[in-house]
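These protein sequences, in sequence, are chains W and G.
23 is the number of the first residue of the first sequence in our numbering; add one for each residue after it.
23 is the number of the first residue of the second sequence in our numbering; add one for each residue after it.
It should be emphasised that the hints constitute simulated quantities derived from the structure, not laboratory data.
Some clues are possibly wrong.
[As the list claims (entries may be wrong)] DSS-like, lysine-lysine: derived pairs with alpha carbons at most 27 Å apart:
1) G/Lys100 to W/Lys29
2) G/Lys29 to W/Lys91
3) G/Lys175 to W/Lys175
4) W/Lys171 to W/Lys155
5) G/Lys180 to W/Lys100
6) G/Lys91 to W/Lys29
7) W/Lys35 to G/Lys91
8) G/Lys100 to W/Lys35
9) W/Lys175 to G/Lys128
10) G/Lys30 to G/Lys103
11) G/Lys91 to G/Lys180
12) W/Lys155 to G/Lys55
13) G/Lys103 to G/Lys78
14) G/Lys100 to W/Lys30
15) G/Lys30 to G/Lys175
16) W/Lys175 to W/Lys91
17) G/Lys55 to G/Lys78
18) W/Lys128 to G/Lys91
19) G/Lys78 to W/Lys100
20) W/Lys91 to W/Lys30
21) W/Lys78 to W/Lys48
22) G/Lys128 to G/Lys171
23) W/Lys100 to G/Lys48
From a predicted model like this one, the values you see are computed outputs, not experimental measurements.
What follows is the residue order along each chain.
Protein chains: 2
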Amino acid sequence: MNHLIEKKLASEKVFEGNLLTVYCDKIQLPNGKEASREFIRHPGAIAVVPITNDGKIVLVRQYRYPTGKIMLEIPAGKLDKGELPDDCVLRELEEETGYVAQRIRKLSSIYTTPGFTDEVIHLYLADQLTLAKQCPDEDEFLDVEVYTKEEIKDMIAKGIINDGKSMLALLLAGI
Amino acid sequence: MNHLIEKKLASEKVFEGNLLTVYCDKIQLPNGKEASREFIRHPGAIAVVPITNDGKIVLVRQYRYPTGKIMLEIPAGKLDKGELPDDCVLRELEEETGYVAQRIRKLSSIYTTPGFTDEVIHLYLADQLTLAKQCPDEDEFLDVEVYTKEEIKDMIAKGIINDGKSMLALLLAGI
Numbered sequence: 023m024n025h026l027i028e029k030k031l032a033s034e035k036v037f038e039g040n041l042l043t044v045y046c047d048k049i050q051l052p053n054g055k056e057a058s059r060e061f062i063r064h065p066g067a068i069a070v071v072p073i074t075n076d077g078k079i080v081l082v083r084q085y086r087y088p089t090g091k092i093m094l095e096i097p098a099g100k101l102d103k104g105e106l107p108d109d110c111v112l113r114e115l116e117e118e119t120g121y122v123a124q125r126i127r128k129l130s131s132i133y134t135t136p137g138f139t140d141e142v143i144h145l146y147l148a149d150q151l152t153l154a155k156q157c158p159d160e161d162e163f164l165d166v167e168v169y170t171k172e173e174i175k176d177m178i179a180k181g182i183i184n185d186g187k188s189m190l191a192l193l194l195a196g197i
Numbered sequence: 023m024n025h026l027i028e029k030k031l032a033s034e035k036v037f038e039g040n041l042l043t044v045y046c047d048k049i050q051l052p053n054g055k056e057a058s059r060e061f062i063r064h065p066g067a068i069a070v071v072p073i074t075n076d077g078k079i080v081l082v083r084q085y086r087y088p089t090g091k092i093m094l095e096i097p098a099g100k101l102d103k104g105e106l107p108d109d110c111v112l113r114e115l116e117e118e119t120g121y122v123a124q125r126i127r128k129l130s131s132i133y134t135t136p137g138f139t140d141e142v143i144h145l146y147l148a149d150q151l152t153l154a155k156q157c158p159d160e161d162e163f164l165d166v167e168v169y170t171k172e173e174i175k176d177m178i179a180k181g182i183i184n185d186g187k188s189m190l191a192l193l194l195a196g197i
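With the hints as extra help, turn the sequences into a complete structure.
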């Protein structure tokens, strides 16, 4: 596979914010020529399909500033430093929805956009839920909504649910 | 839904490269407090599941510098300025794989990572393929590989194919 590999020559951090760290690296292409690669370093994240005891799916509706749209997604969140994905699933699910899961199962780990970020999202299914108290981050505003599997399928088919990770996780969960 | 909307107060372009444009906006939260939102503006992209006349799937293997990995994905590429997604599908498919499609069908349009970018990928299926000549961009190195549906399913189950858009498009295409 060496005929495909790009080699790092130099790395420059061009922006560091609270959320995003942006790099512009000088690289050597497989043919020996030089090029640049701009990309975002990301801590990784989880996303989870929560299934209630009566077989419904818990979604969150929130404004996504980059898209300028209110979107319907499965609960998700970034890994805290050093946090294990399994722990992050339980924490984010409870913070965003108030549900506590007795059981979680990993569905897959995916690269969201390998052309410009190293972000990996670990996709999970969670069930045996009990309702505690929602406590989102202080700059996070979201509505918790519960749908049947048929409603979810319909909303995917109509493009009402159009977040990639949510669609993929719901399909992998057999919805 | 007004209780969810975040209002732009000021916008600052903090990095502009060849690929990525990064913004840091000052916003007003639904509760009136101020916060910041960092995000990437993206021109949008297409990704396509190409099905050969004998029912196999065409994938591309390439080094994805941000992830540091050689990855197996469906053909994909960014929209040129003013380019329609349908035209981009035909162009990228031929450039990356050498295949010309007589027929394309839209599967869905998805947000890849609405937490930090407005990137939309339009997912397509393409068939009735004829083989012309591969002509990738000059800084793009990739191998074209053809797999049966059973091999694709197996590689998704084993995490060998772990690119989100590719997995979702393959599932939506009924693979």
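Hint check: W/Lys78 vs W/Lys48, CA-CA at most 27 Å. Holds or violated? 49 Å, violated
Straight-line alpha-carbon gap W/Lys171 to W/Lys155, limit 27 Å: With a Cα-Cα distance of about 24 Å, the restraint between W/Lys171 and W/Lys155 holds, given a limit of 27 Å.
Between G/Lys30 and G/Lys175, is the straight-line Cα distance small enough, at 27 Å or below? The given pair, whose Cα atoms are some 44 Å apart, is violated under the 27 Å limit.
When you check the alpha-carbon spacing of G/Lys180 and W/Lys100, does it fall within 27 Å? At roughly 24 Å apart (the allowed maximum being 27 Å), W/Lys100 and G/Lys180 satisfy the hint.
Against the 27 Å threshold, does the CA-CA distance of G/Lys91 and W/Lys29 hold or violate the hint? 12 Å, holds
Quick one, are G/Lys128 and G/Lys171 close enough, alpha carbons at most 27 Å? 20 Å, holds
Hint check: G/Lys55 vs G/Lys78, CA-CA at most 27 Å. Holds or violated? Answer violated: G/Lys55 to G/Lys78 is near 54 Å, above 27 Å.
W/Lys175 and G/Lys128: Cα distance at most 27 Å? 18 Å, holds
Going straight from one Cα to the other, do W/Lys35 and G/Lys91 come out at no more than 27 Å? 21 Å, holds
Compare the distance between the alpha carbons of G/Lys175 and W/Lys175 with 27 Å, and conclude whether the hinted pair is satisfied. Roughly 21 Å between the alpha carbons, so the hint for G/Lys175 and W/Lys175 holds.
Holds or violated: are the alpha carbons of G/Lys100 and W/Lys30 at most 27 Å from each other? Holds, at roughly 23 Å.
Hinted pair, alpha-carbon criterion (27 Å max): W/Lys175, W/Lys91. Please report holds or violated. 21 Å, holds
The structure does not agree with the numbered hints 13, 15, 17, 19, 20 and 21 stated previously, though it agrees with the rest.
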